[in-house]
Structures are given as structure tokens and as C-alpha cells.
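Trainee: Listed below are the residues making up each chain.
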Amino acid sequence: MALLEVKKLGISFGGLRAVDDFSLTIEKGDLYGLIGPNGAGKTTIFNLLTGVYKPTDGTIRLDGQNITGKSNIEINKAGIARTFQNIRLFSNLSVLDNVKAGLSNHYAYSTAAGIFRLPKYFRKEKEMTERAMELLRPFDLVDDADTLASNLPYGKQRKLEIARALATDPKLLLLDEPAAGMNPKETAGLMNTILTVRDDFKVTVLLIEHDMFLVSGICEKLSVLNFGQLLCEGKTSEVLSDPEVIKAYLGE
Amino acid sequence: MAFLDNLINGISLGSIYAVIALGYTLVYGIAKMLNFAHGDVIMVGGYVIFTAMTSMHLNGYLSVLIAILCCTILGIVIEKIAYKPLRQATSLAVLITAIGVSYFLQNMALLIFGEKPVTFTSVVNIPKISLFDGQIVIKSEAVASIIISVLIVIFLSLFINKTKSGRAMLAVSEDKDAARLMGINVNKTISLTFAIGSGLAAVAGALLCSTYPVLSNTTGAMPGIKAFVAAVFGGIGSIPGAMIGGLLIGVIEILGRAYISPQLADAIVFAVLIVVLMVKPTGILGKKVNEKV
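Chain order of the listed sequences is B and W. Taking this note's numbering, the leading residue of the first sequence gets 1, the next gets one more, and so forth. Taking this note's numbering, the leading residue of the second sequence gets 1001, the next gets one more, and so forth.
If we strip away everything but chain W, and leave its shape as in the complex, we get (with noise of 0.2 Å):
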């Protein structure tokens, strides 16, 4: 039963690393960026709805649907100022100012809030499951996270093939030029895609909150990196495959710790994207890109 406790424990983890990833991917796959300040919107996530909670009193619901609102813009507003002046720099310019909007963040926090962690209250208020007589308790939190990462995936994957919005952001992930020339607006399908990776963001900082209640100004920064690898792991730019590379992870991470060494629960993950990586350079999911000569 042990077994089985732990391997919900790494899905319901793996589900949040899921959303996170999705945010990655997506801004990825389609502004062609790795936003290394992905992690730290997750933290501002966290502190919009703990301070909407504590010192506004507000409802859990209503604080998550705040954030989403602040990270949103908070999304917008980054790509805006940090990367669009960037457009046409080589990408390893924005990589280095994606790290300086990450620290930007922690230290906006650190400012703010100080460095001591604070203890978040869980906005999850759904009833908890047991199965086998109360052998196996299912927190709500766990149950939250599944059912929200599939219900993204979904959504997302529906959003993406199946609107004007989605089509217009794969035909700027192909081709930036040739989408401008069709009247299509590259800059607001940027800003839409980070948009939407941003909200995703604070829903995964109302999940990984209420999950590890403590919150400081770094909280984003690891998970962050992990999703980041969960992506890379599932093929980054697949959105399924974020889903997958995110599930595999965290199963990875929590059976690491509890049966191979607390210690080295981390250094397991990372070996185990290297390893992938030698076996399948693309990813689980990533589609191989062959080279026109």
C-alpha cells in the first residue's frame, strides 16, 4: 500500500510539474524562448492569492481567479518590456534576460515579503478520497491537481487545433514571416501565448501551494526547473507531451525519494532526462526536425 500511496503522491505531483511544463512548452513552442521566469510567476501566484486570503479575507476561489488575473497580465507585461525589444537578438540574449526577469522576480518578492516563508492555507476544499477502507487516503489537493492538469490539456489542445487564436499561434511557430504576410498579427499571438502560459502558471501556483503549503520567494525556482525538464523530457513544444513528461517526472521524483534516497531524489530526475536524451535527443513526444539541404 505504501507503493500505491507513493505513486499518487508522484502523480498528483507530476500533475502540477504538468501544468507548469504546458506553460513552457507552449511560450516555447511558439515564441521560440525559454522563459526561465516561467518558475517565478508561480511565486507571485502563490503570494496574490496568499495575500488576497490573509489580508483581504477572501474566498480560495476567488483569490486563484485574482491570480490568474494578475499573472495574466503580469505575463503580458514581461514579454512586453523584457523580450519583444528582443525580437529579432539572437535567442541565447533572451535566454540571459529570461534569467535576469527570474531574478527580477525574487528579489521584487524578497523586497515585498521579506525572506522568511510564509505558510499558505490550501484553497482546496474538495472532499478527500479513501479507497480499501481508509488504507489509502487520496488528499484533496492530489485529486484537485489531476483533475485540473487533464482538464487543461484538454482545453489547451482544443484551444490550439481547433480556434482562429490557436491557428494563428502554429502558423507563427512555423513560420514568423510568412504568418505576417498573411495578416496575421505576430505580436499579439506572442503576447496571447504568454498570456495563457502565465495564467496557467498562477493555477499551477494555487495547486503547488496548497500541495507544500510554505511559501517564499524562491518557491518557483525548482519546480520551475523541473517542469522545464518535464518539457524537454515529453518533447518540448508537445503539449501531450508536457503532460507525459510531467507525470513521469514527478512519479520519478517521489519513488526516488522514498525508496532509492531522499538525498539524491533530484540528481535521479536529472539523470534520468540525461538519459533520455541520449536514447531520444527530441524528447518522448518531440517531433524530429529534419534540416532541408
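Excised from the complex, chain B in its bound form (with noise of 0.2 Å):
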């Protein structure tokens, strides 16, 4: 069974119809691109498959359980986690705490524990301070644990929002614009990054992504958007050598 299915996904606001009909279906472990150029709606799917938008049409189903409509927490309990186009982390927490912030649904102890200090407070931030530790490491940001969010580097800043959001276990990644902003070195290291995660975490990646290069390096498969409309799915290659996309970036 598919890890994600999507179908016929659509949503309007006002008469505007950002995203129609749209149709997508991941296996469990790919490493999965979505591209089409600047407003093709890529953003708005993000939104619909994390509870952000509720589609006007169509149905979302994650491993067989219906999520369409469903609320954010809802979603990410069921399993979704993403990053944003613009960093969105929580600056003034530490680089650890941001991750321990997504921690927080599998981890269980009282406010009142929190309030008195029981023991189990103790145990639970020691064994959350542990699993965060462990999601830093394939990222590098080990030594900058103390550090506030907002005084990473932009580079760090964009691992640290993927770190984040494994620490809320899911099961399909979504990634936003990874390399937006990045140098050609930096992407470099992200793509080994990303690859490491995919096999580590036991996750599956879904990424939206500008950088042809990123995409073709690491992505097995493609959707293609324009429009609010798929143009075309398919293997990497295959997906790029098409006319048809190739009309759409770069025009007539």
C-alpha cells in the first residue's frame, strides 16, 4: 500500500482555483520531488497535506488513514512533518530546545510534574534531552546546542528546521524549498544530509525544490505542477526530458 495517496485535490479561494485536480501517489522510502515554476501551487499542497488549507475537493490518505480535513496536530500525529520556504523556527529557543519543542507529543509528564519537579520530570527531560541529542548529530548541530536559533548560521538554521521536524517521528517529510539560499557546496552537503535522513530516520521525502540540481541528484521520482494542474509524473529522467516541462520553465 501506498505511504501517501492523494486524489483529485483541489482547492479555490474566492474564483481563484490555486490547486485542481490534483493526483499523487508515494511509496514508502522515496525520495519524491515536486517542481513547476514560481506559483504553480506547489506551496498550497504543502498547506493541504499539513492541515494549514482544508481542500475544497478530493481526499488525502497517509498509510490508509483518511487525513483530509483533519486539523495540524491531528496530521502530525498521524504522521507529516514539514519545514518552510522561510525559516520559520523558533528564535529565541536554543537549538536543542527547538527540537525538544517537537519532541513534545511523545514524551508524556504533567504540567503539575513540571510545576513540583517530580522524578519523572527529571527522567522525561533527561531521556528528551537524549533522543534531541541524537537528531542533532546527523545534522552537525551537536555543538551548537546552547545556541539561540537566531544566531545560527542560515545553512544551520535550514538542518535545524529538519531536525525539528523528525523529532515529531513522522512518517513522510515534507521539505520546502531545502536549498533555497544556498551555495553550491552547502547544497552539496545537504543532499548527502537528506539522503542520510531518508535512511536513517526511516522516513519518506516528499521535497519541493528550485535547484535542478538537488532535484536530479536525489530525487527518484517527480510531479510536475503549473498551474494548480499536474503536468506530468514520472521517473527523474524521464520527467525532465519532457517537452512539455521543459516548455513550462523556460517558455516557448
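Source of the hints: derived by calculation from the structure; they are not laboratory data. Quick caveat, the model's predicted, so the values are computed rather than measured. Take the hints with a grain of salt, since some may be wrong.
[Stated by the list, open to error] Listing some non-contacts, in silico: residues in chain B with all C-beta distances to chain W over 12 Å:
hint, residue
1, 15
2, 117
3, 121
4, 186
5, 212
6, 236
[Unchecked claim] Cut-off 25 Å, straight-line C-alpha distance, at most; resulting in silico cross-link-like pairs (DMTMM-like, lysine to aspartate or glutamate):
hint, chain 1, residue 1, chain 2, residue 2
7, B, 54, W, 1177
8, W, 1176, B, 74
9, W, 1162, B, 169
10, B, 77, W, 1177
11, W, 1162, W, 1174
12, B, 77, W, 1133
13, W, 1162, B, 130
[Claimed, not checked] Computed spacing ranges between beta-carbons, pair by pair:
hint, chain 1, residue 1, chain 2, residue 2, range
14, B, 56, W, 1175, 21 to 31 Å
15, B, 57, W, 1099, 34 to 44 Å
16, B, 52, W, 1103, 30 to 40 Å
17, B, 57, W, 1084, 28 to 38 Å
18, B, 13, W, 1104, 36 to 46 Å
19, B, 52, W, 1158, 30 to 40 Å
Think of the CB as a built atom: it goes at the ideal place given N, C-alpha and C, for glycine as much as any other residue.
With the hints as a guide, bring the two chains together.
Mentor: What follows is the structure, encoded as C-alpha cells:
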């Protein structure tokens, strides 16, 4: 069974049809790319998948479970986590606390235990710190654990966003333009990181990206979106040589 | 010695302002709204203690516990009924609603307890402190106010910076949407913030009414506004700022009353606020928010 099954998804904002009749199937373990010109509706699809917007039509199924129209939190619990195109870290929290904020749902202790500092509080907090450190390791962020997120260099902030998303223990990780604003060297590093994350954390990755070097380098399959509609989908090499796709990107 | 006496009175009053200001600053920092009904929750706390002690003949400390419980629930209910439906509304709509809730609480108290102020029996029964052979006496209420406010600041800071719920509160204060997408329950977090803020208001009510033992339906209004001034003064959203702001406002008010003019004391407090905001618009410990261009 496919991990993510999106069928005939659509959303209208007033008279504007931002996404129309969009279908997508992602198998477990895929590294899938969603590409398309600016304004094609890629981020809108991420917002639909994570419950930021409620779809006007269509269904979204994750691992067989219907998550269409569910709230952000329910969808996150069901197993979708994301990063943002414009970085949205908790900038006044430390790197470690950003990841621990993502861990909240998996380490339960009551507010009362926190207020009165019961033994359970110390035990759970210690477990959370250990887990958070594990999550920071593949991103080379262990040494920055106590730094404020806002003081990290840009490339590391992008990585921290991925670590924070992984903290919620997702089945499907959505990366919204992870390489935006990176230089070629940073992008190459990021590509390795994404591959490692996919293999080590056993997550499926769906990413939006304009950087064709990254897309052709690591994505196994692609869907191309144009004016809110699916233009074509398939293996990366085939999609990128499709004349329709080239036309959409470069014009006539 | 008179000066020291006044200073101690100022610190004592300032400690009470600090406890109230913490409630303001917490709710503002996390829910990004000014809860103008906060002062009236203090009054409700005062009446709960009064009722528990006079009609039910309960012990003072037990009455305070009951008041904390009642105000905590009241805070959660107010948030759920009055503010939650306005989560997406403009901040002005929320502000006006808060003023509405404030009047509602004041008038409910008027309806139940009447317009005649009642005399409040102090719940504090620790010994007073005598210094310099009894030349300076620190009243037990002052001792309690100072100790309790310091303890609250320490506990609150630890809670917010070191626990899961506290971290969720900080995350929500920075970016509600991102927090939600990381699986943090924003509604529950805001509810918790109101619960803690209102619980603190009950403590402030106990201290305020014990120090100034007259209780009426508008008891909370003026201290509420002054504590709001204190929170802005110290830098709204900052916990240590609320403490510092509260102490300064208390001291300025009492010294102003003693040495400048009893009638002008309040005016002096607000004048100082205006001057501070002209020099440092974010308050003493407030952070400057740089809008990205």
C-alpha cells in the first residue's frame, strides 16, 4: 500500500482555483520531488497536506488513514512533518529546545510534574535531551545545542528545521525548498544529509525545490505542477526530458 | 527612619504589583493579548477568600488555596468563552472584549456582594520583623508579599524555561502556526497560560486584600492598571521585567505619596511610565523586535 495517496485534490480561494484535480501517490521510502514554476501551487499543496488549508475537494490518505480536513495536530500525529520555505524556527529558543519542542508529544509528563519538579519530570526531560541530541548529530548541530536558533548561520538554520520536523517522528517528511539561498557547496552537503535522513530515520521524503542540481541529484520520482494542475509525473530523468516540462519552465 | 519605612512599604506594594504584572506579561507574551480583566480576577479571588473565611469559617491558607483553584478555573473559562472565538480577530476586538469581561466581573460582584465595601481579615499570620530596637517594623503582610513574589518569579522562570509545557508556551509565543505543525496543542497551551495567570491573580488578591483590608467590586481595577503599567515599564513579555517594573512602580508610588503629594502619587507613576517609554520604548528589559525587510 502506498504511504501517501492524494486523489483529485483541489482548493479554491474565492474565484481563484489554486490547485485543481491533483493526484499523487508516494510509496514508502521514496524520495519524491514536487517541482514547477513559481506560483504553480507547490507550497499550497504542502499546506493542504499538513492541514494549514482545508481542501475544497479530494481526499488525502496517509498509510491508509483518511486525513482529509483534519487539524494540523492530528495530521502531525498521524505522521506528516514539514519545514518551511521561509525559515520558521522558534528563534528565541536554543537549538536544543527547538528540537525538544518538536518532541513534546512523545514524552508525556503532566504539567503538575513540571511545576513541582517530580522525579518523573527529571527522568523525562533527560530522555528528551538525549533523544534531541541524537537528532542533532546527523546535522552536525551537537556543538550548537545551546546556541539561540536565531544566531545560527543560515545553512544550519535550514538543517535545524529538518531536525525539529524529524523530532515529531514523522512517516512522511515534507521539505519546502530546503536548498533555497544555499551556495553549491552547502547544497551538496544538504543532499547528503537528506539521503542520510531518509535511510537512517526510515522516513519518506517529499520535497519542493527549484535547484535542478538537487532535484536531479537525489529525487527518484517527480511530479510537475503548472497553474495548479499536474503537468506530468514519473521517473526523474524521464520527467526532466519531457518537452512539456521544459516548455513550462523555459517558455516556448 | 521614615524613609526606610516608606521604602519597605513601597517594596511590599511593588511585590504585589509584580505578582499581578506577571499575569499580564505571561498572557501578553504567549497569547499576544492584553487581558484587561486580569485585575478583576484579583477582586474575585479576594471575595472567594472573604466568603470562605467569614461564611464557611475556613482557615486563611485553605481559603487562599480555594481562591487559587476558583480563579484558575475562572481564567480558563473566560479564555474559552470570551477570547478563544476571537483567536483570528483583530487585536482591537480582543482588547474591547477584555474590557467587557472586566465590567462583567465587576458588576457580577456588585450584584452578589453589594456596593458596600467589606472588611477583609488578613490571611497572613507569620510574625512581623522588628529592626533597630523596634524603630522599624516590617509588617507580616509585607514580609509575605516580598517572599512570595520572589518565589513565584523563580518558580515561573524555571517552569517556562525548563519544562515541556513551558517550552510549548515559548514556541506558541513565537509562531503559533509553526508550533501547531510541530504537534503542539496551541489551544491547550494558551488555556494553561490563562490558568497560571489567573492563579497568580488569586495569590495577588490574597496579598493585596491582606495589606489593604478593604474589598469592593472595584478593588482590582486600579492595582490591575498599575500592574499593567509595571509590566510595560519592565518590558512586556519579560518575567524578570515584570518583577523589576512592579517593584519600581510600588516604590515610586509610595515615595511619591510620602514626599511629593498624596494626591499626585498616581499621576507620578504614569508620568514616569511616559518618560521611560520615550527613552526606551520597549521597557527596561523588553526586547526590540526587528522586522525583517
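Trainee: Check the hint pairing residue 77 (chain B) with residue 1177 (chain W) against an upper bound of 25 Å on the C-alpha distance.
Mentor: Roughly 15 Å separates the two Cα atoms, so the pair holds.
Trainee: Could you see if the CB distance from residue 57 (chain B) to residue 1084 (chain W) stays within 28 to 38 Å?
Mentor: At roughly 30 Å between Cβ atoms, residue 1084 (chain W) and residue 57 (chain B) fall inside 28 to 38 Å, so the hint holds.
Trainee: Taking 25 Å as the top limit, are the C-alpha atoms of residue 54 (chain B) and residue 1177 (chain W) close enough?
Mentor: OK: residue 54 (chain B) and residue 1177 (chain W) at ~15 Å, within 25 Å.
Trainee: Against the 25 Å threshold, does the CA-CA distance of residue 77 (chain B) and residue 1133 (chain W) hold or violate the hint?
Mentor: With Cα atoms ~66 Å apart, residue 77 (chain B) and residue 1133 (chain W) exceed 25 Å; violated.
Trainee: Take a look at whether the Cβ-Cβ distance between residue 56 (chain B) and residue 1175 (chain W) falls inside 21 to 31 Å.
Mentor: Roughly 26 Å apart at Cβ, these two residues keep to the hinted range, so it holds.
Trainee: Between residue 1162 (chain W) and residue 1174 (chain W), does the CA-CA distance stay at or below 25 Å?
Mentor: Holds. Residue 1162 (chain W) to residue 1174 (chain W) sits at ~17 Å (cutoff 25 Å).
Trainee: Check the hint pairing residue 1162 (chain W) with residue 130 (chain B) against an upper bound of 25 Å on the C-alpha distance.
Mentor: holds, 15 Å
Trainee: With d taken as the least Cβ-Cβ distance between residue 186 (chain B) and chain W, does d exceed 12 Å?
Mentor: About 21 Å separates residue 186 (chain B) from the closest Cβ of chain W, which puts it past 12 Å; holds.
Trainee: Falls inside 36 to 46 Å, the C-beta gap from residue 13 (chain B) to residue 1104 (chain W)?
Mentor: holds, 38 Å
Trainee: Closest CB-CB distance from residue 117 (chain B) to chain W, is it above 12 Å?
Mentor: At roughly 8 Å from the nearest Cβ of chain W, residue 117 (chain B) sits no farther out than 12 Å, so the non-interface label is violated.
Trainee: Between residue 1176 (chain W) and residue 74 (chain B), is the straight-line Cα distance small enough, at 25 Å or below?
Mentor: Status holds; Cα separation ~16 Å.
Trainee: Per the hint of 30 to 40 Å, is the separation of the Cβ atoms of residue 52 (chain B) and residue 1158 (chain W) within bounds?
Mentor: For residue 1158 (chain W) against residue 52 (chain B), whose Cβ atoms are near 34 Å apart, the range 30 to 40 Å holds.
When the structure is compared with the earlier hints, violations turn up for hints 2, 3, 12 and for no others.
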